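A.B. asks: Here's the letter readout for the chains.
Number of protein chains: 2
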Amino acid sequence: MHIGVLGATGPAGSGLAARLAASGHEVIIGSRSHERAVEVRDELVGRWPDHALVIEAGDNQAAAGAEVVVIATPWDGASTTAASLVEQLDGKVVICMANALTRMGKEFQPLVPPRGSVAGNVQAALPGSRVAAAMHHIPAKELGDLSHPVESDVLVCSDHASATDVTSELIDSMPDMRALDAGSLALAAPIEAFTAVLLQLNVRYKTRAAVKFTGITR
Amino acid sequence: MHIGVLGATGPAGSGLAARLAASGHEVIIGSRSHERAVEVRDELVGRWPDHALVIEAGDNQAAAGAEVVVIATPWDGASTTAASLVEQLDGKVVICMANALTRMGKEFQPLVPPRGSVAGNVQAALPGSRVAAAMHHIPAKELGDLSHPVESDVLVCSDHASATDVTSELIDSMPDMRALDAGSLALAAPIEAFTAVLLQLNVRYKTRAAVKFTGITR
Numbered sequence: 000m001h002i003g004v005l006g007a008t009g010p011a012g013s014g015l016a017a018r019l020a021a022s023g024h025e026v027i028i029g030s031r032s033h034e035r036a037v038e039v040r041d042e043l044v045g046r047w048p049d050h051a052l053v054i055e056a057g058d059n060q061a062a063a064g065a066e067v068v069v070i071a072t073p074w075d076g077a078s079t080t081a082a083s084l085v086e087q088l089d090g091k092v093v094i095c096m097a098n099a100l101t102r103m104g105k106e107f108q109p110l111v112p113p114r115g116s117v118a119g120n121v122q123a124a125l126p127g128s129r130v131a132a133a134m135h136h137i138p139a140k141e142l143g144d145l146s147h148p149v150e151s152d153v154l155v156c157s158d159h160a161s162a163t164d165v166t167s168e169l170i171d172s173m174p175d176m177r178a179l180d181a182g183s184l185a186l187a188a189p190i191e192a193f194t195a196v197l198l199q200l201n202v203r204y205k206t207r208a209a210v211k212f213t214g215i216t217r
Numbered sequence: 000m001h002i003g004v005l006g007a008t009g010p011a012g013s014g015l016a017a018r019l020a021a022s023g024h025e026v027i028i029g030s031r032s033h034e035r036a037v038e039v040r041d042e043l044v045g046r047w048p049d050h051a052l053v054i055e056a057g058d059n060q061a062a063a064g065a066e067v068v069v070i071a072t073p074w075d076g077a078s079t080t081a082a083s084l085v086e087q088l089d090g091k092v093v094i095c096m097a098n099a100l101t102r103m104g105k106e107f108q109p110l111v112p113p114r115g116s117v118a119g120n121v122q123a124a125l126p127g128s129r130v131a132a133a134m135h136h137i138p139a140k141e142l143g144d145l146s147h148p149v150e151s152d153v154l155v156c157s158d159h160a161s162a163t164d165v166t167s168e169l170i171d172s173m174p175d176m177r178a179l180d181a182g183s184l185a186l187a188a189p190i191e192a193f194t195a196v197l198l199q200l201n202v203r204y205k206t207r208a209a210v211k212f213t214g215i216t217r
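Chains A and B are the protein sequences, given in the same order.
Residue numbers for the first sequence follow numbering that gives the first Met the number 0, so the first one is 0 and each next one is one higher.
Residue numbers for the second sequence follow numbering that gives the first Met the number 0, so the first one is 0 and each next one is one higher.
Heads up, none of these hints are tricks.
Treat identical chains as interchangeable: a pair holds within one or across any two.
Capping the alpha-carbon separation at 35 Å, the derived lysine-lysine pairs in DSBU-like fashion look like this:
1) LYS205 - LYS105
2) LYS211 - LYS140
3) LYS105 - LYS211
Keep in mind the hints are simulated off the structure, nothing from the lab.
These figures come from a predicted structure and were not determined experimentally.
Hey, can you work out the whole structure from these sequences and the hints?
C.D. replies: Printed below as a string of structure tokens:
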């Protein structure tokens, strides 16, 4: 698949870009700054010479031209970035991986965006696109560390069955990840918020935790 | 430990009562109706003769007299039940396992109670108690099926370290369960809401899913 990643210069976006490219996809990374995208692309390609990553550096505009587009910007920029690319994203599957979180002292806590979830706001900004929410619970550093696979179940939700399908296919193409259909975009609210719990566990147990569900045979 | 379970005639409460009794605790089950508590106690003891369960049947008033008290009522009755027992519960560890959920068509969706979580409302109703939120994600039927252990990580959060400790000890006493400290009671909101995702997965994959976190050595 040809995948664009908006906001790919942050840890989650660059980690995902590397992991997707290592799994055989053509990736174009976008950023508000083209130079910054070039820097990050060069870092990723230089860090993993054995993987011969195919990553193109663009700006968000260019990345939004891909077949499937991931929004990996900070959560408070997700829907404005989406809105600025409404024409390029029309008709496409758009995957939102942002979480609205804040740090209160030593603790991560979830924030509730106006429509309940970041993905809900993105879908509202992109009425002609098919938005899926996914990949919230995978530690960004683990995503970007190509020396080993990331063993994780990955929850996907969307109001469009075809978006759930495409997103799940993408997830399943990454070794040891398993996509699970978690229902409509209404479920993006608890899925996004739960990321605060994961971060909390990481702080408390000095680790990078991921989620697995027992009892599910897919 | 001597544990009281309020609202123990529902599936979650009766399942937990059976599991706790099978793990060697003395359990007193409460209900608004003493007769109903007796019925449920007799059902549990009759169903698992080999476990020789020590379960006493009381009403909520009697169950609130125990050393540690679990609130397993329906979510919309949790804080009013708690408020009616404020004196009995004063100074105690109170474990809230309720989730505010609704079913929209075929889908479970979380509701947001006024203080963000049911446990937050219960703590507000019980200013002299130490409230912990825990045991939201274990399928009720699995809890109550004593023919096999429930392999699950169990998230615990509280504003009182001693409540997290006591609750964790209780959880760790049940075979194959592992308590994890998920921070302050602010985290009850995403933990409770995430139950909707678990139920959604159960519907979608016709299973009873539980959660495990990879990468955590406790």
